[in-house]
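Engineer: Here is how the chains run, residue by residue.
Protein chains: 2
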Amino acid sequence: MDKNEFRKRGHELVDWMADYLESKESYPVTPDVEPGDIYAKLPDNAPEEGEEFDRIFADFQRIIMPGMTHWQNPAFFGYFPANNSEPSILAEMLMSTLGAQCMSWITSPAAAELEEKVCDWLREAKGINSNWKGCIHDTASTATLSAILAAREKHSGFQINKSGFTGKEKFRVYSSSHVHSSIDKAVKISGIGEENLVRVDVDENFSMIPEALERAIRHDLAQGLTPLMVISALGTTSSTAVDPIGEITRVCRDYQVWHHIDAAFAGTALLLPEYQTLIHGHDEADSYVFNPHKWMMTNFDCTVMFLKEPEYLVKTFSLTPEYLKTDLDEKVNNYRDWGIPLGRRFRALKLWFVLRSYGLEGLRKKLRHHLHLTKKAESWIRADSRLEILAPVNFNTICFRYVHHDLSTEKLNEINESWMSTANATHKLFFSHTKLNDKYVIRWVIGQTDVEEKHIEAAWVLLKEQLHKTINS
Amino acid sequence: MDKNEFRKRGHELVDWMADYLESKESYPVTPDVEPGDIYAKLPDNAPEEGEEFDRIFADFQRIIMPGMTHWQNPAFFGYFPANNSEPSILAEMLMSTLGAQCMSWITSPAAAELEEKVCDWLREAKGINSNWKGCIHDTASTATLSAILAAREKHSGFQINKSGFTGKEKFRVYSSSHVHSSIDKAVKISGIGEENLVRVDVDENFSMIPEALERAIRHDLAQGLTPLMVISALGTTSSTAVDPIGEITRVCRDYQVWHHIDAAFAGTALLLPEYQTLIHGHDEADSYVFNPHKWMMTNFDCTVMFLKEPEYLVKTFSLTPEYLKTDLDEKVNNYRDWGIPLGRRFRALKLWFVLRSYGLEGLRKKLRHHLHLTKKAESWIRADSRLEILAPVNFNTICFRYVHHDLSTEKLNEINESWMSTANATHKLFFSHTKLNDKYVIRWVIGQTDVEEKHIEAAWVLLKEQLHKTINS
Chain G
2 MDKNEFRKRG HELVDWMADY LESKESYPVT PDVEPGDIYA KLPDNAPEEG EEFDRIFADF
62 QRIIMPGMTH WQNPAFFGYF PANNSEPSIL AEMLMSTLGA QCMSWITSPA AAELEEKVCD
122 WLREAKGINS NWKGCIHDTA STATLSAILA AREKHSGFQI NKSGFTGKEK FRVYSSSHVH
182 SSIDKAVKIS GIGEENLVRV DVDENFSMIP EALERAIRHD LAQGLTPLMV ISALGTTSST
242 AVDPIGEITR VCRDYQVWHH IDAAFAGTAL LLPEYQTLIH GHDEADSYVF NPHKWMMTNF
302 DCTVMFLKEP EYLVKTFSLT PEYLKTDLDE KVNNYRDWGI PLGRRFRALK LWFVLRSYGL
362 EGLRKKLRHH LHLTKKAESW IRADSRLEIL APVNFNTICF RYVHHDLSTE KLNEINESWM
422 STANATHKLF FSHTKLNDKY VIRWVIGQTD VEEKHIEAAW VLLKEQLHKT INS
Chain A
2 MDKNEFRKRG HELVDWMADY LESKESYPVT PDVEPGDIYA KLPDNAPEEG EEFDRIFADF
62 QRIIMPGMTH WQNPAFFGYF PANNSEPSIL AEMLMSTLGA QCMSWITSPA AAELEEKVCD
122 WLREAKGINS NWKGCIHDTA STATLSAILA AREKHSGFQI NKSGFTGKEK FRVYSSSHVH
182 SSIDKAVKIS GIGEENLVRV DVDENFSMIP EALERAIRHD LAQGLTPLMV ISALGTTSST
242 AVDPIGEITR VCRDYQVWHH IDAAFAGTAL LLPEYQTLIH GHDEADSYVF NPHKWMMTNF
302 DCTVMFLKEP EYLVKTFSLT PEYLKTDLDE KVNNYRDWGI PLGRRFRALK LWFVLRSYGL
362 EGLRKKLRHH LHLTKKAESW IRADSRLEIL APVNFNTICF RYVHHDLSTE KLNEINESWM
422 STANATHKLF FSHTKLNDKY VIRWVIGQTD VEEKHIEAAW VLLKEQLHKT INS
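Here the protein sequences come in this chain order: G and A.
First residue of the first sequence: 2, per this note's numbering; consecutive thereafter.
First residue of the second sequence: 2, per this note's numbering; consecutive thereafter.
Treat the hints as calculated values from the structure; they're not laboratory data.
Do not rely on the hints blindly, as some may be mistaken.
One copy or any two copies: either way a pair holds, since identical chains are not told apart in the list.
Derived BS3-like pairs: lysine-lysine, alpha-carbon spacing no greater than 25 Å straight-line [what the hints assert, rightly or not]:
1. K9 to K465
2. K42 to K470
3. K376 to K316
4. K9 to K470
5. K155 to K316
6. K134 to K42
7. K42 to K455
8. K377 to K455
9. K134 to K455
10. K436 to K163
11. K169 to K470
What you are looking at is a predicted structure, and each value in this text was computed from that prediction instead of being measured.
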């Protein structure tokens with residue numbers, strides 16, 4: 002494709018993209034396809050000769066689009082959102098054109114220094130201790146794994162990096178019983194083992210009980226095990242429960258355990274000063290992660306981690322082979338040493354575009370709007386005597402179910418699962434579920450960039466219709 | 002930013018992007034900035050109120066652009082390229098607009114099935130065993146770490162995942178002494194320890210000596226250590242040396258050791274049938290990784306891994322918490338279970354656009370052109386009696402240096418370092434270096450998408466001018 006054609010096709014795509022963004026709510030949220038449908042429509046081999054862009058783009062519209070889940074549809078209420086925004090998309094266009102690989106300062110000084118600056122901006126705006134330093138990762142999975150590794154190496158004096166596990170260390174990692182799967186994955190990867198992830202009891206709000214944490218630590222110490230790290234949640238994945246950050250920090254300090262705060266989804270709420278009490282007392286914690294790519298109108302992928310002592314992270318990962326050495330290595334941040342992959346995209350650019358285009362007030366307005374819509378939906382559910390809400394609505398996630406005192410939990414689970422499935426099968430919206438105390442609940446997450454009252458009203462009408470059908474079937 | 006403004010700004014950016022791509026060779030390859038220059042130009046806090054896009058974009062041009070290293074400049078000859086292309090950029094525009102998070106089949110069926118298909122296409126086109134299956138990662142660092150973890154878990158019967166290292170396992174990983182730093186990093190992360198990365202001797206071409214590998218394995222077995230994995234290189238980072246894949250596969254088979262083939266950069270050459278002899282005998286190896294984002298005109302990030310038995314990888318990573326369960330989990334590929342991060346971008350789309358837009362013949366033509374230019378540059382260097390080439394030019398990387406029989410290696414290293422530095426200081430091109438047998442060499446990598454004869458001619462003139470200055474100073 003020559004440069005002239007690129008210009009022409011680029012303009013065509015911008016119009017398509019703008020049309021898509023204008024009409025994204027008209028797309029089915031989930032596609033009506035069966036496993037293998039798309040695969041079967043694609044030829045078995047790559048073409049030998051290049052094809053015209055018209056043909057490729059027609060196939061994109063004919064084959065790919067009908068198989069997409071439309072995460073940006075305002076009626077996507079599942080999981081956590083991965084919301085995007087116009088300024089973020091514009092930044093991605095520039096990033097992909099520059100094609101800079103930002104592993105080292107020298108490989109793009111502006112990217113390294115903008116990364117440092119936008120992390121500073123976010124740290125200040127969120128009320129994180131101003132001595133902490135930030136960096137960008139792809140996902141919270143990777144960032145949390147990095148934190149575990151830094152804790153592991155700090156504790157072992159970098160001996161596991163050097164010689165591997167000796168078996169003398171019996172590390173224990175603590176999290177609430179509502180821990181995210183990425184933490185299970187990280188304790189496996191790091192060689193600690195899933196059995197050494199201690200699931201601390203939660204209270205009736207699904208928040209970790211600090212006394213139970215302390216008991217677990219003391220119990221392990223008495224057994225000769227080594228408490229390494231506590232991962233607290235500022236917003237669990239199931240129900241957005243908030244662990245008591247300040248109290249956990251004190252426990253961690255007393256036992257010299259690394260305290261990592263996983264605020265992957267809900268951390269964006271700290272842009273609202275009224276939510277910053279949630280991290281009071283975090284100053285003596287060690288690390289904190291949140292995903293602008295979830296609720297901060299920044300394209301996936303973009304995770305930001307803050308650390309009290311980044312030197313442990315850097316020492317865990319840094320190794321400078323001859324072919325990467327430069328005479329500036331002592332003076333600059335080579336962010337390749339702050340995480341797992343060597344190569345890095347220029348993700349700071351989209352954070353910069355988003356932060357400047359919205360401004361902090363603009364972001365706060367969006368968040369407050371989502372929280373306002375959530376209060377509204379919550380009030381509808383609470384007013385319906387057939388339904389119950391099973392967890393505090395701390396942010397913009399409502400965990401609810403149909404309930405009936407004559408029916409067993411098992412039967413209720415079946416009904417609620419069926420209810421959600423039939424609602425999702427309309428393809429007009431999408432919910433996902435979880436279980437709280439073995440009870441199947443539907444999660445309603447209201448955080449899409451352009452979600453408005455009409456979308457939640459339509460969802461509520463549809464939910465009630467489907468419930469009627471489900472309980473009368 | 003409203004939708005109308007997005008349309009307007011999108012068109013403006015496409016013109017800027019097309020202009021940039023047309024004029025990318027006119028930008029300084031590296032920026033003339035000092036550490037801290039860019040950081041100091043950015044305000045200390047995020048703006049409270051949103052700013053006009055004109056102002057943001059003006060700052061992008063004023064502050065960011067002068068601080069960029071222009072990886073897409075055809076005179077970027079350093080490291081390995083991260084070349085991109087017009088079809089790939091167009092795909093990135095669509096990906097960022099759809100904003101799909103492709104962790105599971107259900108979260109975007111088309112993305113999962115297109116991923117499976119384009120990996121099949123690449124497997125066939127590269128001559129990889131047709132029973133192997135592929136998946137996409139962000140980088141080779143992460144893919145290789147994944148392979149090490151799969152080997153670890155296969156060997157331990159998934160017991161390290163479960164209970165952590167007991168210290169009974171003393172795993173050993175083997176690679177040539179020219180191993181890439183990502184492998185050091187991966188053995189650290191996985192808890193094996195850098196000391197257990199055995200650097201096997203290489204021959205005069207910097208290729209691993211299979212007999213030395215076998216000796217190392219037998220030696221370790223005699224010591225009660227456990228050979229876990231061999232990582233062979235199809236193109237080392239320093240000099241693009243090629244390890245004897247078939248012979249190493251036989252050694253690995255004899256000792257039941259996982260054989261991972263790291264073809265991160267040079268693997269793209271396998272699209273040329275005449276290079277496929279390099280992987281003859283790979284059928285009984287276990288995994289293979291290459292980076293379309295290096296030399297296959299596909300935007301960073303995009304790594305493809307192939308596996309003989311992907312079930313070990315999947316079993317290493319899979320865990321399905323309640324909130325991710327679907328009733329299709331047994332029937333589909335949930336690629337979240339094929340790697341480390343939970344969240345995943347829709348990277349298959351850009352591979353599809355690139356493969357279809359170029360066609361395999363179009364890609365081969367590009368590669369052959371780069372290889373032809375490399376032969377040309379190699380011939381110029383060989384004809385200059387002051388210079389020597391210190392490694393076979395297997396692909397499109399030339400490792401050369403100034404040499405003089407009166408001077409010590411140390412002195413020559415100084416001269417060559419100075420030569421490269423002064424050449425790079427013109428900002429008209431960019432080379433990086435390595436050391437081969439302690440000799441400082443300049444690496445000339447000719448793989449930018451639009452590199453032409455005029456660019457290597459200009460580089461050669463500049464190199465000779467700077468050499469003249471360096472040796473006469």
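Engineer: With reference to the structure, classify each hint as holding or not holding.
Structural biologist: Structure-based check of each hint:
1. K9 to K465: So K9 and K465 fail the 25 Å test inside a copy (48 Å) and across (41 Å) alike.
2. K42 to K470: neither (35 Å within a copy, 61 Å between copies)
3. K376 to K316: Neither, since 45 Å and 41 Å both go past 25 Å.
4. K9 to K470: Close neither inside one copy (50 Å) nor across copies (46 Å); limit 25 Å.
5. K155 to K316: Within one copy only: 9 Å inside, 30 Å across.
6. K134 to K42: between (48 Å within a copy, 19 Å between copies)
7. K42 to K455: neither (36 Å within a copy, 43 Å between copies)
8. K377 to K455: within (12 Å within a copy, 65 Å between copies)
9. K134 to K455: neither (41 Å within a copy, 45 Å between copies)
10. K436 to K163: between (42 Å within a copy, 24 Å between copies)
11. K169 to K470: neither (59 Å within a copy, 59 Å between copies)
In terms of the numbered hints stated before, the structure departs from hints 1, 2, 3, 4, 7, 9 and 11, listed from lowest to highest.
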